[in-house]
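Line by line, the protein sequences are chains A and B. For the first sequence, the positions run 0 to 442 when numbering that gives the first Met the number 0 is used. For the second sequence, the positions run 0 to 325 when numbering that gives the first Met the number 0 is used.
These are computed hints drawn from the structure, not numbers from a lab. In this text, a Cβ means the ideal position worked out from N, Cα and C, and glycines have one as well. Treat the hints with caution; some may be incorrect.
Partial list, computed: chain B residues near chain A (C-beta under 7 angstroms) [stated by the list, open to error]:
hint: 1; residue: G185
hint: 2; residue: T188
hint: 3; residue: L189
hint: 4; residue: N271
hint: 5; residue: G293
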Amino acid sequence: MSNSFRVPTESPHVSRRRFLQVGGAGVAAGSLLTMLDARQAPAQIKGTSLRMLLWSHYVPAYDVWFDKFTKEWGEKTGVKVRVDHMPHLELPARYAAEFAAGSGHDLIYFVGQILTGQYYRNLVDLSDIAEGLGKKYGGWLESSKSAAQVNGAWYALPDFFISIPVLWRKDLFGSVGLGEPKTWDDLRKAAGQLKAKGHPTGMQFSHCNDANHNWRALMYCFGVKETDPSGQNILLDSKEMREALRFGKALYDEGMTSEVFSWDDASDNRFLASGVASWIHDAISAFHSTRLTNPKVFEQTFVVPEVAGPGGRWNVGEPNVWAIWKFSKNIPAAKEFIQYISDNQKDAMEASLGYNMPFLKDQYKKPMPYLGKDAKLSALQDQEKLTAFLGFPGPMSPAAQEVVTTFIIPDMFTKVARGAPIEDTMKWGVGEVRRIYAKHKAS
Amino acid sequence: MTQVAPGGPSPPGSLSIPVGARAWGGAWWRTPTARRYLFGYVLLAPAVLYVALLVGVPFLFSLYLAMSDASVGAPVARFVGLENFASALENAVFYTAVRNTLVFTIGAGILKGLLGTMLAFLLLQPFKGRKVVRALIVIPFTLPIAVSVLGWKWMFDSQFSVINWALSRLGLIGAYGSPDWPVWLGQPTLALLSVMFVNVWRGFPFSAIVLLAGLTSVPPEIIDAAKVDGASFLQRFRKVIVPMIAPILFIGTAFDTVFTLSDLSIVYLLTNGGPDGATEILPTLAYNTGIRGGALGRGAAISLFLFPLLLPAMILLLRTLRRRQF
Numbered sequence: 000m001s002n003s004f005r006v007p008t009e010s011p012h013v014s015r016r017r018f019l020q021v022g023g024a025g026v027a028a029g030s031l032l033t034m035l036d037a038r039q040a041p042a043q044i045k046g047t048s049l050r051m052l053l054w055s056h057y058v059p060a061y062d063v064w065f066d067k068f069t070k071e072w073g074e075k076t077g078v079k080v081r082v083d084h085m086p087h088l089e090l091p092a093r094y095a096a097e098f099a100a101g102s103g104h105d106l107i108y109f110v111g112q113i114l115t116g117q118y119y120r121n122l123v124d125l126s127d128i129a130e131g132l133g134k135k136y137g138g139w140l141e142s143s144k145s146a147a148q149v150n151g152a153w154y155a156l157p158d159f160f161i162s163i164p165v166l167w168r169k170d171l172f173g174s175v176g177l178g179e180p181k182t183w184d185d186l187r188k189a190a191g192q193l194k195a196k197g198h199p200t201g202m203q204f205s206h207c208n209d210a211n212h213n214w215r216a217l218m219y220c221f222g223v224k225e226t227d228p229s230g231q232n233i234l235l236d237s238k239e240m241r242e243a244l245r246f247g248k249a250l251y252d253e254g255m256t257s258e259v260f261s262w263d264d265a266s267d268n269r270f271l272a273s274g275v276a277s278w279i280h281d282a283i284s285a286f287h288s289t290r291l292t293n294p295k296v297f298e299q300t301f302v303v304p305e306v307a308g309p310g311g312r313w314n315v316g317e318p319n320v321w322a323i324w325k326f327s328k329n330i331p332a333a334k335e336f337i338q339y340i341s342d343n344q345k346d347a348m349e350a351s352l353g354y355n356m357p358f359l360k361d362q363y364k365k366p367m368p369y370l371g372k373d374a375k376l377s378a379l380q381d382q383e384k385l386t387a388f389l390g391f392p393g394p395m396s397p398a399a400q401e402v403v404t405t406f407i408i409p410d411m412f413t414k415v416a417r418g419a420p421i422e423d424t425m426k427w428g429v430g431e432v433r434r435i436y437a438k439h440k441a442s
Numbered sequence: 000m001t002q003v004a005p006g007g008p009s010p011p012g013s014l015s016i017p018v019g020a021r022a023w024g025g026a027w028w029r030t031p032t033a034r035r036y037l038f039g040y041v042l043l044a045p046a047v048l049y050v051a052l053l054v055g056v057p058f059l060f061s062l063y064l065a066m067s068d069a070s071v072g073a074p075v076a077r078f079v080g081l082e083n084f085a086s087a088l089e090n091a092v093f094y095t096a097v098r099n100t101l102v103f104t105i106g107a108g109i110l111k112g113l114l115g116t117m118l119a120f121l122l123l124q125p126f127k128g129r130k131v132v133r134a135l136i137v138i139p140f141t142l143p144i145a146v147s148v149l150g151w152k153w154m155f156d157s158q159f160s161v162i163n164w165a166l167s168r169l170g171l172i173g174a175y176g177s178p179d180w181p182v183w184l185g186q187p188t189l190a191l192l193s194v195m196f197v198n199v200w201r202g203f204p205f206s207a208i209v210l211l212a213g214l215t216s217v218p219p220e221i222i223d224a225a226k227v228d229g230a231s232f233l234q235r236f237r238k239v240i241v242p243m244i245a246p247i248l249f250i251g252t253a254f255d256t257v258f259t260l261s262d263l264s265i266v267y268l269l270t271n272g273g274p275d276g277a278t279e280i281l282p283t284l285a286y287n288t289g290i291r292g293g294a295l296g297r298g299a300a301i302s303l304f305l306f307p308l309l310l311p312a313m314i315l316l317l318r319t320l321r322r323r324q325f
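Could you put the whole structure together from the sequences, leaning on the hints where they help?
See below:
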């Protein structure tokens, strides 16, 4: 960027004081622009300290990379950085405590429970950074707004999302004359035939994150809409939802065992790695852990971005977003850091072994880091085209979050799988969702 | 201690107690009785302050939250009266949670009482290494709850459960994948029994230690006298020991009931209330609604339903205890 900054003058007679004021401003602005162009941190953050809190990543190698990356950034900018990692399920309680105390970490992270809608009044507006990044990298994915925007302003900055594709065993599918699954019907057929041979499938029917994601993927593929795009009107009471529930029961009866009722987020990883599973619907951490624990099974494990249903092909991702408390003691350094890491998404993606899926369109240029180099994972390079988030097509509002945290959708599938009539289950589930949305509307 | 004349100078470092204050026109608070009262209140004040700050203030704050539409991001909220309580009562899961909470608390309480009593009597007998065994049995109670519950999670794992593999090798159940392979945390009744079992495993050493403390305080002559009179073991236990250690038993039961009723960790870490609410208890429902879901007001209202469950039990226990003391 050139440094030709013209000093505007109002009259030909310029006083010395005025000249210094305008000239000083010009030099400062020019320096700032140069600095931004070269991504140099502003001098004002030098000597300050920054505390950040984020989750313990499912790919441990990523945390190692992140801590090193952060340390190097701190050395470069002169900021003393402290990074705290915590299991993601504990983060909401921690944020509630920090907010109540009015002090805590400068930079925080939402994953699992997206609390942007809850805390936005107390979060720094990051629209300037978000819009800058959008311009620089070809724009944000439309779905990114769901987790980061409230009333059109960016109160959180999307970092990456976790994709949850289908991991399937080519050898087992081949043994019953089936190839790569394309539809949910293909998966059901395979599960039914392979269960008889000791290789059932499994999706969590329990109270865990994966249960919320997996059953919603099935729902959205069946054309179910939780709400309208505004998030104000509930559309769950539909024939598509009834069909999805019916299909879920058939999938359970034909292709699963009762252990799925007890599973946590990691159970399906172990199920795949043990060699029992014919297919699972999970993040690629399961793929990577199988590589380490059971190479023979890994050789036969392949990845499909998502299978199609009567309503299309939708994968339900897990967004990860940055946010800054208004009471943060170091907002400039926090903003500088998230700008910096956003500019280094390629390295982050490589370090996460392709787990971190970007939110910025240009970052999908092929070959993508890590994914582009792995023949089995390269299919995920178009994942942005089929990704939806919880509450789809509405935003991840506080009401949508409460529906997620109280596990209403997994419980609906569980009830039906256990033999409850679909109509009774619909009445219960839709009633619960309506009650929650009504409460949030009223408050 | 020096007595001095009214109005007279006190020697430095001495405590002066005026005599006949009323007679010389002094205020009532300067009388010895008043001073004794004052001294008593001063001694009591730290305890009252402690209870007020650590119990009273949070309780009043949760009442305020329960009657407001507060969320985690907006704790200053408008008054909604009893709306949050009504909302909880409209929620079908709430009734499941109340039922499970009662089953969990009463069931685990009875089991802890029985096992604790048996263990206490065992530990009372003289045997080699008794001190070591007494130290070892408190391990479940002293281990960090997260660590011990994660250990149980592995033991209850649907695929790699050491319990199942052992039972299977012994021929008591079928192989993995067979219909009689128990899914401890997946079958509704088994899941509730499993979380109760972990609570009992963790809590019964505490019951045993409390009971042991009581048993050792019973004079052996009284037991011997009962034996001479021909009282059987059960008669001695019921008619002699229990009445004598009742105060300790009541306090122990009160503590255990409070701990069990408000126990969030075991259920949260093992099942998070699932599957389909089979292990949902009031603390998990309140936590998931109030903290994870962000609806502080409704979460607080759900947790306050524990109060009417606890209050009668506590009143009954404390009144019985008081009656026995006088």
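inquiry  = Flag every earlier hint the structure violates by its number, smallest first.
reply    = Structure breaks hints 2 and 3.
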